[in-house]
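Using the hints provided, position chains B and C relative to the given structure of chain A.
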Amino acid sequence: MFRWLRRAYQVVFIGFFVFLVVLTTAGFIRSYNVQWLLEFDPLVAVTTALASHSLHRALLWSLVIIVPTLVFGRFFCSWICPMGVLHHALGFLARKRRPPDRVKQNSPRRSHKIKYLVLAVILGLAAAGSVQIGLLDPIASTWRGLATSVMPALGNLAFGMYQGERHFQWGTLITLVFFGALALNFVYPRFYCRVLCPLGALLGLLSKFSLFRIRKNQEVCKSCKFCGADCQGAADPQGTVRATECMVCLNCIEGCPRGGISYRFLPPMRSSTTKIDLARRKWLGAGVAGAVAVPFMRASDGVEPRPNPSRIRPPGSLEEDAFLEKCLKCGACMKVCPTGGLQPALHEAGIEGFWSPILIPRIGYCESNCTLCGQVCPTGAIEKLTLAKKVGEMPARPPVRIGSAFFDKGRCLPWGYQTECIVCEEVCPTSPKAIYFKLETITARDGSQKTLKLPFIDLDYCTGCGTCETRCPVVDRAGVRVSAANESRTPRSSISLTGGKI
Amino acid sequence: MRIFIFVVLAFIPPAFIGWMIQQGHRAPAQVAVAAGKPRASGAEADKTLLELFQGELGGAKIKDKVGLYDEKGLFDYIDGAAPIFIQRHYRKLAAAEMASADGADMVCDVYDMAEPANAESIFNAEKSATAKPVTDFPDAISGPMSFVFRSGRYYVKLTAFDAKAEAALPGLAKALKGKMK
Amino acid sequence: MSSNGPPGPYDQVPAAQIPKATQTTSAQSADTAGMDRRAALRVGATAAMALGSVGLALALRDRGSEKKTRALPTIKDHRAEKPAGATDMAIARGPDPAANVRKVIEALGGMGRFVRRGERVVIKPNIGWNRTPEQAANTNPDVVGEVVRLVVAAGAGKVWLTDASVNTAEQCFARSGIEKAAKAAGATVIRPDASAFREVNVSGKLLRTGDVLFPFVEADRVINIPIVKQHGLSLASMSLKNWYGVLGGQRVKLHQNIHLSIIDLAAMVKPTLTIMDATRILLANGPTGGSLADVKQMDTIAAGSDEVALDAFGATLLGLNPNDVGFIVEGMKAGLGTPQWQSLKTVELGG
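Chains as they are written, first to last, in our numbering: chain A, 1 to 502; chain B, 1 to 181; chain C, 1 to 351.
Pulled out of the complex, with its shape left as it was, chain A reads as follows:
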């Protein structure tokens, strides 16, 4: 009976999760807290707290998972986790016919220890200030897979039905990683959950204290091993139950023809084990390796002191060090951005910033009266901005700047080709406009006199939104482009003396 409840939970939670991901669209999102699951995610809370020494308030929700896990075990993996549901479903499709073969598929293996080493490396990286769970955290990965791979593919198939065509740079890589993880279920079910998932490892560690566990009644057992035929966690219910691997899917209870398996409060110690057969030096070594990797990553990256001009961050982003301590690369900001301008970085933000959000104005600009990216960011890497703060009121209060525009005078139509244009001035959203023009009379090729409007940029007003670059009629390399210099989040980046801070 409870197994049906578990299935209901799975359907409901993944349905609700996907529903909210779909809803993360300008115009539909209203006040929905689309990031609820990442706020529940204990791995997010632990790593961001380790790295930034403070816990974003919303992440207090992770206690709703942590405390019950301490009591009930690793129920999250089979009752709530959306990636878990996907893997469970695929695992079901990929399972072998005969129960004895299934028992072999779902038996514990040595490789199931690897996820604890992955967790150790991740915690080591976080302790040294680098949050790198984005790649492997199941919820962040599912978010990213849906937002930058599945939904764009569906949306583009449906001819831009609900959000318009979306393209993400090197999205194929994200697709391969996402579907690759899912495809591993054909090796054996729940491969990812058992071997790689660092969240599963964290919950497994918390399960060492669990008070409710699966228990096999030794007197009734005939060693038919049917209990292990559909064990999701490869927790060995047919032997000594491994409480750190058990996902409380309750399949073993139904599987036993004698009713010998039960889930009960404080079963005898010898009926279950919480031993993770991992030598201390192995996981300690993994943790240290993670921590030590950070200064190496930072020294060899070349990002400091010469930040990439294309590293234009969303408005409201923290200064880069703090940003990288919090960004999960979940892709929610990329999904919600109304113009599709926020893209996953490749090299622009260095190794640590891989797949973190940057604005590519050629693809989409930052809508001046929009603050959605900050609204959906689960960890506060992009702070919530009020519209008043983002737009500012010159000269008393400058706006939030994400960069500054500059003319490429060889590509710009008036400057380089003696051709009338100034679309950039037309679309510039600031008040007064950051792009202004001056009249100049030139002699055209045919000898006639021509008066051109030549555009200029006023750094005091330019916010770096990129509308000019997006709309510039010169396709490929635009005649006016935006670089990250003068972004307000980085004091050292300021070009203009206005404002009076040296």
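These are computed hints drawn from the structure, not numbers from a lab.
Be careful, since some hints might not be right.
Claimed, not checked - Derived lysine to aspartate or glutamate pairs resembling EDC-like cross-links, with alpha carbons at most 20 Å apart: (1) C/K333 x B/D105; (2) A/K433 x B/E71; (3) C/K333 x B/D109; (4) C/K333 x B/E126; (5) B/K157 x B/E51.
Chains B and C only, in chain A's frame:
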């Protein structure tokens, strides 16, 4: 007992989702960006500005005429100090050389800053560490050979060149302030 | 529920076929007591973990306070009281730079007029560039050494010597000869690094806040030892412009409004005394120089507390009209001094 637990657990997802939907359905609070107030129109404002120099000015008299300086002209008048006014949306400067009742030379600069907030901004920016506030005259500071005050959208700088003129500055300032509405 | 063949998974075996649990024995009841204690421990451990997690989470939570703007320090006024009838400015000419320094200080009333016993003093030469003394891009080391000696002799409690160079600090401080001369004379030489700066209020007309070398925040007296040089943007670099060297941050932005910036900085520092080095001056290709052909030997030292007057004098050495130099005019307007150096109580001493 099992039934009770089952019911409780069954109740959690719909309750949770119902709560989330209810929370999310409200439209987000968006503070409307304040529309900028329309600026005083040029000719009208110039007239008001020039009128400040007419009539009784605490015994002082204009020597020649009142000059009006827009953004371009301001550079000619105060050179490198111009940007700090222009940044603050100053509309026009009315400047005149004056003589006090006993013939001492003074210069009177009245900046129409278009908005009281801009006048306040430039007043605070230009305040030097050695200037002292003036008793019975709010938003004013006096320093050696100088008297500066703001009133509404106007910012006034009075400069003297000797002790006689310095003594006449407060009188002129009071007279000017009285005319400013 | 019943099926043919052996029971498979999810088939229930009839209850009658399942053996009942056996009776507990006395050995098992003793075991039970032990198990109760272990059970209590397990529950206790879990409860402790739970409470610990909650406590830790609450302790670490972001209190969401706005980044507190702490009050920034303001640099104090370092000017000394002027005794009645004292000389305002002194100019000395002669082949020995150290002797010239002694002559001008004596004419001004001795270093004791400017530095009291126990006061903390920072001495600011121009050590901006990786050049030799002959190339006249930095202050003459003999001048620096003599000033340090006089300050130490006046009984100063602490004597710092520093400048934020444009080229790499180690090489500038060494090649200019200033580090060696200053250390020999007893100064604490500070070669700035990233941690040497403090954010302060500049409170100028243009500049609001900036990063400044810490000795300028902590000293009681500030002594300026600039060199006279031509400068591409500002026309000249002498006393007023020398305060550029107290800055960190993005000081390269100041060129956007160089004259007002120079005055804001000079008004912020309000130095005690300036000893202007015109032993060798740079006439062209400043402020970096390089070619000895641009250098002119003038064997002059001028000193005083009016930087505008000193700079006006220095401008004439460079062949410039002081009224053409923007920061001299702005300095006068800002009340920092007068370009009419001849109208001050000036003493000129020959060689």
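Right, here's what the structure says about each hint:
no., hint, in the structure
1, C/K333 x B/D105, "holds (17 Å)"
2, A/K433 x B/E71, "holds (18 Å)"
3, C/K333 x B/D109, "holds (15 Å)"
4, C/K333 x B/E126, "holds (13 Å)"
5, B/K157 x B/E51, "holds (17 Å)"
The structure is consistent with each of the numbered hints, conforming to all of them.
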